[in-house]
Structures are given as C-alpha cells and as structure tokens.
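Chain order of the listed sequences is Y and A.
Each residue of the first sequence is one higher than the last, beginning at 30 in the numbering used here.
Each residue of the second sequence is one higher than the last, beginning at 30 in the numbering used here.
Incorrect hints may have been included.
Given that identical chains are not distinguished, each listed pair holds provided it fits within a single copy or across any two copies.
Claimed, not checked - Within a straight-line C-alpha distance of at most 25 angstroms, the following computed SDA-like cross-link-like pairs (lysine to any residue) qualify:
| hint | residue 1 | residue 2 |
| --- | --- | --- |
| 1 | Lys286 | Ser402 |
| 2 | Lys171 | Gly395 |
| 3 | Lys31 | Leu489 |
| 4 | Lys100 | Ile88 |
| 5 | Lys86 | Pro398 |
| 6 | Lys100 | Glu530 |
| 7 | Lys117 | Ile325 |
| 8 | Lys100 | Gln491 |
| 9 | Lys239 | Glu123 |
| 10 | Lys316 | Ala440 |
| 11 | Lys374 | Gln240 |
Because the hints were derived from the structure by calculation, they are not lab data.
There are 2 protein chains.
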Amino acid sequence: MKIVIIGGVAGGASAAARARRLCERAEIVLVERGPEVSFANCGLPYYIGGEIQSRDKLIVTTPERLRTRFKLDVRTLSSVEAIDRKHKKVRIKELESGRTYDESYEKLILAPGAAPMRPDIPGIDLPNIFTLRNLQDVDRIKRQANSGIKHAVVLGGGFIGLEMVENFVKLGLQTTLIERNGQVLGPLDQEMTQPIMQTLLAHGVKVELKQNLSSIEPIDNGLLLRFESGLTIQAEMLIVGIGVKPETKLAVDSGLKIGTRGGIWVDDSMQTSDPDIYAVGDAVEVKDYVFGYDVIVPLAGPANRQGRIAAENAFGGTSHYRGTQGTAVVGVLGKTAAMTGASEKLLKRNKMPYRKVYIHPAHHAGYYPGSESMTLKMMFDPQSGLILGAQGVGGAGVDKRIDVLAVAIQAGMSVYDLEEMELCYAPQYGSAKDPINMLGFVASGLMRGEHPQFDVEVMLAQDAATSPYVIDVRTAEEFSLGHLPGAVNLPVDELRSRLSELPRNRTIAAYCQVGQRGYLATRILRQSGFETSNVGGGFKTYQMHHP
Amino acid sequence: MKIVIIGGVAGGASAAARARRLCERAEIVLVERGPEVSFANCGLPYYIGGEIQSRDKLIVTTPERLRTRFKLDVRTLSSVEAIDRKHKKVRIKELESGRTYDESYEKLILAPGAAPMRPDIPGIDLPNIFTLRNLQDVDRIKRQANSGIKHAVVLGGGFIGLEMVENFVKLGLQTTLIERNGQVLGPLDQEMTQPIMQTLLAHGVKVELKQNLSSIEPIDNGLLLRFESGLTIQAEMLIVGIGVKPETKLAVDSGLKIGTRGGIWVDDSMQTSDPDIYAVGDAVEVKDYVFGYDVIVPLAGPANRQGRIAAENAFGGTSHYRGTQGTAVVGVLGKTAAMTGASEKLLKRNKMPYRKVYIHPAHHAGYYPGSESMTLKMMFDPQSGLILGAQGVGGAGVDKRIDVLAVAIQAGMSVYDLEEMELCYAPQYGSAKDPINMLGFVASGLMRGEHPQFDVEVMLAQDAATSPYVIDVRTAEEFSLGHLPGAVNLPVDELRSRLSELPRNRTIAAYCQVGQRGYLATRILRQSGFETSNVGGGFKTYQMHHP
Numbered sequence: 030m031k032i033v034i035i036g037g038v039a040g041g042a043s044a045a046a047r048a049r050r051l052c053e054r055a056e057i058v059l060v061e062r063g064p065e066v067s068f069a070n071c072g073l074p075y076y077i078g079g080e081i082q083s084r085d086k087l088i089v090t091t092p093e094r095l096r097t098r099f100k101l102d103v104r105t106l107s108s109v110e111a112i113d114r115k116h117k118k119v120r121i122k123e124l125e126s127g128r129t130y131d132e133s134y135e136k137l138i139l140a141p142g143a144a145p146m147r148p149d150i151p152g153i154d155l156p157n158i159f160t161l162r163n164l165q166d167v168d169r170i171k172r173q174a175n176s177g178i179k180h181a182v183v184l185g186g187g188f189i190g191l192e193m194v195e196n197f198v199k200l201g202l203q204t205t206l207i208e209r210n211g212q213v214l215g216p217l218d219q220e221m222t223q224p225i226m227q228t229l230l231a232h233g234v235k236v237e238l239k240q241n242l243s244s245i246e247p248i249d250n251g252l253l254l255r256f257e258s259g260l261t262i263q264a265e266m267l268i269v270g271i272g273v274k275p276e277t278k279l280a281v282d283s284g285l286k287i288g289t290r291g292g293i294w295v296d297d298s299m300q301t302s303d304p305d306i307y308a309v310g311d312a313v314e315v316k317d318y319v320f321g322y323d324v325i326v327p328l329a330g331p332a333n334r335q336g337r338i339a340a341e342n343a344f345g346g347t348s349h350y351r352g353t354q355g356t357a358v359v360g361v362l363g364k365t366a367a368m369t370g371a372s373e374k375l376l377k378r379n380k381m382p383y384r385k386v387y388i389h390p391a392h393h394a395g396y397y398p399g400s401e402s403m404t405l406k407m408m409f410d411p412q413s414g415l416i417l418g419a420q421g422v423g424g425a426g427v428d429k430r431i432d433v434l435a436v437a438i439q440a441g442m443s444v445y446d447l448e449e450m451e452l453c454y455a456p457q458y459g460s461a462k463d464p465i466n467m468l469g470f471v472a473s474g475l476m477r478g479e480h481p482q483f484d485v486e487v488m489l490a491q492d493a494a495t496s497p498y499v500i501d502v503r504t505a506e507e508f509s510l511g512h513l514p515g516a517v518n519l520p521v522d523e524l525r526s527r528l529s530e531l532p533r534n535r536t537i538a539a540y541c542q543v544g545q546r547g548y549l550a551t552r553i554l555r556q557s558g559f560e561t562s563n564v565g566g567g568f569k570t571y572q573m574h575h576p
Numbered sequence: 030m031k032i033v034i035i036g037g038v039a040g041g042a043s044a045a046a047r048a049r050r051l052c053e054r055a056e057i058v059l060v061e062r063g064p065e066v067s068f069a070n071c072g073l074p075y076y077i078g079g080e081i082q083s084r085d086k087l088i089v090t091t092p093e094r095l096r097t098r099f100k101l102d103v104r105t106l107s108s109v110e111a112i113d114r115k116h117k118k119v120r121i122k123e124l125e126s127g128r129t130y131d132e133s134y135e136k137l138i139l140a141p142g143a144a145p146m147r148p149d150i151p152g153i154d155l156p157n158i159f160t161l162r163n164l165q166d167v168d169r170i171k172r173q174a175n176s177g178i179k180h181a182v183v184l185g186g187g188f189i190g191l192e193m194v195e196n197f198v199k200l201g202l203q204t205t206l207i208e209r210n211g212q213v214l215g216p217l218d219q220e221m222t223q224p225i226m227q228t229l230l231a232h233g234v235k236v237e238l239k240q241n242l243s244s245i246e247p248i249d250n251g252l253l254l255r256f257e258s259g260l261t262i263q264a265e266m267l268i269v270g271i272g273v274k275p276e277t278k279l280a281v282d283s284g285l286k287i288g289t290r291g292g293i294w295v296d297d298s299m300q301t302s303d304p305d306i307y308a309v310g311d312a313v314e315v316k317d318y319v320f321g322y323d324v325i326v327p328l329a330g331p332a333n334r335q336g337r338i339a340a341e342n343a344f345g346g347t348s349h350y351r352g353t354q355g356t357a358v359v360g361v362l363g364k365t366a367a368m369t370g371a372s373e374k375l376l377k378r379n380k381m382p383y384r385k386v387y388i389h390p391a392h393h394a395g396y397y398p399g400s401e402s403m404t405l406k407m408m409f410d411p412q413s414g415l416i417l418g419a420q421g422v423g424g425a426g427v428d429k430r431i432d433v434l435a436v437a438i439q440a441g442m443s444v445y446d447l448e449e450m451e452l453c454y455a456p457q458y459g460s461a462k463d464p465i466n467m468l469g470f471v472a473s474g475l476m477r478g479e480h481p482q483f484d485v486e487v488m489l490a491q492d493a494a495t496s497p498y499v500i501d502v503r504t505a506e507e508f509s510l511g512h513l514p515g516a517v518n519l520p521v522d523e524l525r526s527r528l529s530e531l532p533r534n535r536t537i538a539a540y541c542q543v544g545q546r547g548y549l550a551t552r553i554l555r556q557s558g559f560e561t562s563n564v565g566g567g568f569k570t571y572q573m574h575h576p
C-alpha cells in the first residue's frame, strides 16, 4: 500500500502516525508546504504574548522524528500542485528548488487545512497587516509587536481574535478589537458573551462592534483604518482574524465534489467523491451532530479524529465519523467561555423547538475560599427534554461543566439525567449539588410544569395588555441597586404574609438575583392560586441581555 | 399533610426544602439533635486548618432562615427517642430541658446520618482523642490543635483522615498517619494511591501502614499509642477517622427492616419497610450502580439527591433513586485523587470479568506552561467494552476527567464512545486528543486486538517458563535510571533495524515510560511476525505497583 498525505499538521500528521501503526509495510509519503510538520497551531498566540517562552515548544514533532519513529517519507517545503486522479498521482513542487515531479498513490489523504481570510479592501496588502496561520506568521507578528510599538488592532472578535487580544494586553500594548457583528465570539449567543466583553473593557481593551473596515491607508507611523461608519483608527499593526476559508483548490481542480458550504465533500468515512481519496480537517464539510446538516468546523480535536478515521478506512477499515458537536473553549484574560452543541441562535434560525434555562452557580462550594462564579445556559427539546446545546462563561470550572454536557449530548441524555449525575464533590472541586445537577433541577422543573419560567427577553417584549405583573422578590437593598422595568419589590420572606397586595387577575412574574428565590416565590404563589412563572436566571440573566 | 423529618443536615435539609416547594400547606417538622441545621460537614477539616477562616462560613443555613423562608417547624437540640409506627408518632426529647413529648406524623423521613466509629480498645475515652462529625467536634479539635502542641496523629487513611492530615500539615504540626490496611484511600486501588503516599511523605508526614492500635495510655504530655506490632507513638492529640456507622437505632427499635450491610433498608423510592416512613443519606443502604448489590455510601451528593426523592414520594410522587456510583474526590496537599464506579479490587472480589488500561497524560497541552500530569485507570467489560469504573490521581484536571467518566458510566457508554468524545480544547484546558480520548484509544485498541497489552503485575508474576522476553524501548538514558526486572534495552527508533536480536520463539513484552512508544513497538513487532504485547501504562505504571 502506498499512501500520500497532503498536509502535515493536525489531521495529516494524525493520519500518518495512525497509518504507520496500522501497517508497517506501507509506503507513507507526507507532503507539507511549510518547513514544519505538526506544530502547535493552537499555541501560536501564546508564544506571541510570551506565555509560551520558547519557540521550540511549538514544534510538536519534527520531520526527522517522524522519519525515524514512524518511517514516514516526509517532504517539507513541498507543495502539491495537482492531482491526476485518472493515473493516481500527484504533482509535487519543491518550493526551494522549484523542481516538480510526480508521485503515485494508491490512497490519497487530503489535509490541506484552511487559509485565513482577508477582506478585499484597498490597502489590505500594506506592511504590518498580518494573519495568523503558521510559525512564519508568528515570527513576523512577534517581531512587530516587540518593535516598540504602543498600539495594536485586531480585526475579528472570534476565538483567535480574542486570544490575540489577550496576548497583546499581556505584552502591554494598547489594544483595539474591531468586530463586524454586534457581539464577539460569534458561535455563542450574544448575552453569553457579555462577561467576556466586560473583561475586555476592564483590561483597557477598546472594543468596536458593528464596524466594517472599508480601507487602510499608510500613514507616518503605521496604518489608518477607515470604517464604513466614518470611524477611523490609527494602528501600528493590524491582525486580521475574521475567519478561515477551506483550502479546496486542489480538490476543485481535480473535480472532487465540493459541499454546499464550500468545503470538500466527504461521507462519514471521510471518503471524498473519489473512493481512493480521503479528506480531513478544516478543509472538509462534516455533519453537525445536532442539526444533521453540513458544516465546516475548523477545530483541532475533530481534525485529529478525522485523520485517524481516514487512515483506518484507507486500509480497508470501517470507521465512521459521528459528526461535529462544535465543542469549543476560549480563555480571555482570566475568563473562560465554552460551548457545545446547538446555540440558541441556530435553533431559532433552524426553527427547531427548544426551551432554555440559565443558572449562575459557583464553581465550588461557596464556603471554601476561591470559589469563582459562572453562568451556564442550556437548550433542550421541549417534548423529550433531550439536551441540544449548552454554553458557559465565567471563571474556573466552566470547561469541566461543558465537557460533562458535551458527553450528555453525545449520549443522547435528557435534562432528567442531569438531576441524577453523580459528580466529584469535595468543597475545592464542586458542590454536593453540582452546577450540572442544578441545571437538571431547573430544566426538569420546567419540563414537569412544576417550575414554569419566563424567558426574560420574551417577557419584556410583551405589550402592556398581556405583560405580567412583575415582582422582585429580593431584599429592598438589592432592589434599590437595580431591577427590572416596572417591577415591584416584595421580598420572598415576606411573600406569604403579603399575598393580598398581589393582583388576582393578572399573570405574575417573580424574579430574584439568579433564580432560586424566584423559584420558591413561584411555588408559593402558584399554590396560593396565582398564575405565576419565575423569570429564568433572574436579574443576572436580565443584565446579560441588557448590559 | 404533616411530615416529620429526623435530621437536619444534608439529606434531611434537602428533603425539607423540597417538601416545602412541593406543598405550601404541608406541616413540616424538622427535628435536629445538634444546635445547627445544614452545616457544611465537608468543610470541617478546612476550618480546622484555617483554609476556611470564619466559622460562620460553615453554617449553610440557620434554623431561623429555614423557618422564615421555608416555613419549616425547626426544632434543634431535639432528639427523637422512639418511633411509634402504630400510632404514627415520634417521641421527641428537648435536650436542654430534658422534656419529652410526642409529635404525630403522616409521613416520616429519617435522615439520622452516621456516627464516627471508635475502636473498642483501652484508653479510647482519654482526653484529646477526637472524632469529627459536627461543629462542636471541630471546636474541640481546633482548640487542641492550636494549643501549642507539636505533634498530631490521625488514625485512619480514608478521605476524612487525609483531609485532616492536610490541614494539620498546614497548621505546621508534625503529623503521623496510621492506617490498618496496606494502603491509604481504601476505595481506590492500591497502586493509584502511590502518588498520594509520595505527596504525604514529601510533606513530612509520617505514614504507618498495616498498624493496629491496641491501647492508648496517658503520659505526661499527651498520649502513648501502642500497636499490635509493638510500635509505640507519642501524640498530643489523636483524630480517629476510621469510618462511620449508620445511625440505625431508631429504625431497629421501631422494627424497620435493616439491610444486609447493617444500614436501613429502603427501596428505590427511598421508602423503608413501612410505607409511611422514608429514609435517606448515610444511614441507608442503596444499590451499587455497577454491581447492583446493596452498599452504604456516606456521600453528600447522594444524600441530597435521596432527600429530594423521599420528599417527592412522600407527596405521592414516583421518583426513583438509580443507585450510587461512588463518585468521590479528595484533595491532599496539592494532589487530587478521584474515582467513579467499580474499583479493580471490587471487580476481582466479585469475580466480574474486566480489562483495564492506564494512561499518564498531561492535564493540558504540554507546550503551554503549568501543565500538570495525572494517571488515569479505567476498567471495562472485555466483551462489550462497557465502562465499569475509573480512577484518577495527579494534579489539575483529574476531577474533570473523572466527571466525564462518571457520566459515561451513567449513560452506559463503552470505551469506543470515549474515542469520539468532543471535549473542550484550547491549550490551557486540555489537548486536541484529550486524556479521555487517549483512554478510549488505548482501551479500544485492546478490545479490537490491535493493541494487545500485558498488565504489568500479571506479567511479572508469571514463572520463568512462560514469562515473556521483555524489551525496554526507551532510550539508553531512561533505561539506566531504572527498568523492569530482566528487561533488555532496545530503543524504539532502532527497533526496525535490530529485529534480528529478538527471539522468534518467545512472546515479547515491549514497554516504555507511559505506553506510547511501547504501543508503536508492539505494532512494529507484531507486523514483523513477533508475538508481542505492550506493557500497559509502561514503566510509570510498574513504579506505581512497585514503589
């Protein structure tokens, strides 16, 4: 068997190592355009910021190591120019010498990755405008960032954009973040990104939302960015992190099927439209695990997994890729934001029925020092209770809870299963009722009709005729520091003795700070004959919707 | 409805709050022997050590708060002396006044907890010998620990014993830990406790295993502990933490069914043999989720859950308790040990077929600073791959992985599902191939026959005639620092060119440091016609078995 693999980073390197383990006698050629294979692309921003101090740390493995240990025929600084599917060979160009030659294959695995996008605007090719993909980019960015400049601009508030912002802040650079949309971290729901926004602002980052860059001009000490709104910003360097575009040129040129989203089409065995060619990683379209439609999800975990599967199937295996859940996490200046499965906005866009709950728990028992708070949001099917998606933002422990929910989604678990989860508990690690159990209690109470809940933004959008009578069941002091529009203060501990103050002819909405007292108030009122719902997630959730 | 609840800490307080939420009109009487309800029992050791500075923090809620918010009839310093099941009433004694009176119930919920055991030996009632159950115990222990003494002894190396040791070390006390068995943390498998042992020793704790205390004598400056082995130890205080005994007196006296393990018998609705009496928490027997037999598991999470279920069913609900998985975690001087599901020793004792794997991954990407290492062990069914149990020990991230595996066990997932898990990955949080994925790869490779593995202790126990030819595929330098008995060094990178040095008529065992190079060596050798297995978990696992 002779396998040629195009691309030697996450998916390609995984495929190559797996192929060798499966077959000692196979001829395995790994062709990589860059000088390195298998570098730590997710670590690049942290080397720029100095968190990772040694550049060598970014080299996960060397071509030499792959040759010795895995007996791979590694060809770096080599670009595949064309695929001749008929004769099953690829044309390889040695980038240093310019020499081209043909290499035959029995099976071909494409792992070309995705290229950073650049807006097509005047001035985009000026100096000191960078994208971030490989170590050469990193060297250039690091040089400029450490050249004595004071001000950096990041275009694009996605995962990589925010990681770059964090690292520029750590370098002491005044940093401006520009985002075209109304929120950072596009895959998350907007309100869940508010704590990240606040963190950015608290660290002195200037954030400009809903700004479209229209042109860039050279000025004396750098660049002048002009926006459609009329805004102008001066910058000494600009990082463009507005997303990536799958590298499909080879696939297109050789007539392989391209999917509806513009990525290389593959089936669930990672096979392209040509049975002798597999494709993996950022360049391919895969199924969304929740929605079932095709998506392009440039994540390292799925790329590695797909690389393994492609290698197994190239040797006649029957491995299948189950689709991508989109589990993702980002750290931003001490805060964590993470998600898995469907977002609320995609559920809406796909007109899928759902309900949602919010909780604002502490990472671990409040009585043990150092407990950090978080917000968890979960979407689920209103009929079955099946968990559809979850998001978390806050301090320590967000990634742990999203991991648990990622497994729950994979397992097809419902909100009722969360009530029963038995997770690690000691006061440094969690709570006897873990945030996950609490999510289960709140969502199951909603499902069972025992704990009816208003979504705060839906409730506030109602017109005067149908809107509920809103009571704030927190203390007078809490109420005085801010409350929902039109709310009346009636502390939960006084509720039982003041029922006569409440209208019997209107629906009542009760709320507190995070939802717990509002839940008790709801129970008290419903059993006293009032049509009442709790405002899910309380005032804290309202504040995330109305920062 | 009138409900009487006996015991106001975890299970009892949960039941009371749940009962009120379910029914605003019910009369709910909560009877608690101590002066407090719902205190943070898992936090007690950390208040002694000073990590939790304020005693008030340990009071989760007050009787007054429960009265106001939940309209509970809370009676502290009140002991239930007897249950009259025929007339459905309990006899309550006010501990301060000595007055007794009867209180009727429609439903009764028992949450009496468990009492610390004390060995029945001479001198056990001398001063400065303590057990740890409530705030009064804590006050006494804290007073003695801070009285200028230098040396404390902890009897019992279980979860609470180790937490006490940690806190005595933090107080600067010279600390000795005595354990009757051959290992600390009895529920874990012995080899998995080795990193904890090393941590204890590194912090100057004296650990005496396999020591049976036979008597205690008063001496001038404290206590003289005499052991069956002849060992004597002087101590200025002694904490007895050798386990707890369910408080079943009330249940026994009133003729309720007692289970095979000595706890109060309940069905999966938490109902005792009397349909009007429920029981929850440390005093009851529940089903082990993996083995299906009855167990007594004194853990806060299950107690809370059972309290909710009992309250729901007391009001005619149909909630079921799914059994206890035994998920537990403990922090010891910067290290974490955690487990869920079946241990290897219990699988052996129950003669259940299983296979196991070990991995020694880093918490997060090695190239990002601060990555801490851990060991994970997983047991699974050799036919189906169903996950039966898991244990972890190490630094950051152990609790996260055990939580994920706890959910996998609850969901009935197999090792193959672990390969496909899509967990949070950014370099600060994990790896593109998370430790959980790695567990899946190693176990699935074993299941599929592609990655045969020896258990190191089984391999070493074989006699000379059948024992394999052992090769150490690490570097010469690693080999020189220690290796398996009888092993021959043959670095993996030289293996392909030195096959002729290996015997063709013997099974070969290949191993490396953690298992990865050994796996590759196994693949190379098997495909070259050698009957070869990898030594699972490598030299590091061997060292845990042979400290």
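Structure-based check of each hint:
1. In this homomeric assembly, Lys286 and Ser402 never come within 25 angstroms of each other (Cα to Cα): the closest approach is 47 angstroms inside a single copy and 44 angstroms across copies.
2. Taking CA atoms no more than 25 angstroms apart as the test, Lys171 paired with Gly395 passes between copies only; the shortest distance there is 21 angstroms, against 41 angstroms inside one copy.
3. For the homomeric pair Lys31 and Leu489, neither the shortest alpha-carbon distance inside one copy (64 angstroms) nor that between copies (40 angstroms) is at most 25 angstroms.
4. Only within a single protomer do Lys100 and Ile88 lie at most 25 angstroms apart by alpha-carbon distance; the minimum there is 19 angstroms, versus 63 angstroms between protomers.
5. Within a single copy, Lys86 and Pro398 get their C-alpha atoms only as close as 34 angstroms, which misses the 25 angstroms cut-off; across copies the closest is 10 angstroms, which meets it.
6. Taking the shortest Cα distances, Lys100 and Glu530 sit within 25 angstroms of each other only across copies (20 angstroms), while inside one copy they are farther apart (81 angstroms).
7. Within a single copy, Lys117 and Ile325 get their C-alpha atoms no closer than 27 angstroms, and across copies no closer than 65 angstroms, so neither meets the 25 angstroms cut-off.
8. Taking the shortest alpha-carbon separations for Lys100 and Gln491, neither the intra-copy value of 67 angstroms nor the inter-copy value of 34 angstroms comes in at or below 25 angstroms.
9. Within a single copy, Lys239 and Glu123 get their C-alpha atoms no closer than 44 angstroms, and across copies no closer than 68 angstroms, so neither meets the 25 angstroms cut-off.
10. In the homo-oligomer, the alpha carbons of Lys316 and Ala440 lie at most 25 angstroms apart both inside one protomer (17 angstroms) and across protomers (23 angstroms), since each shortest distance falls under that limit.
11. In the homo-oligomer, the alpha carbons of Lys374 and Gln240 lie at most 25 angstroms apart inside one protomer (21 angstroms), although the nearest pairing across protomers, at 62 angstroms, exceeds that limit.
The structure fails hints 1, 3, 7, 8 and 9 (numbered hints given earlier, in ascending order).
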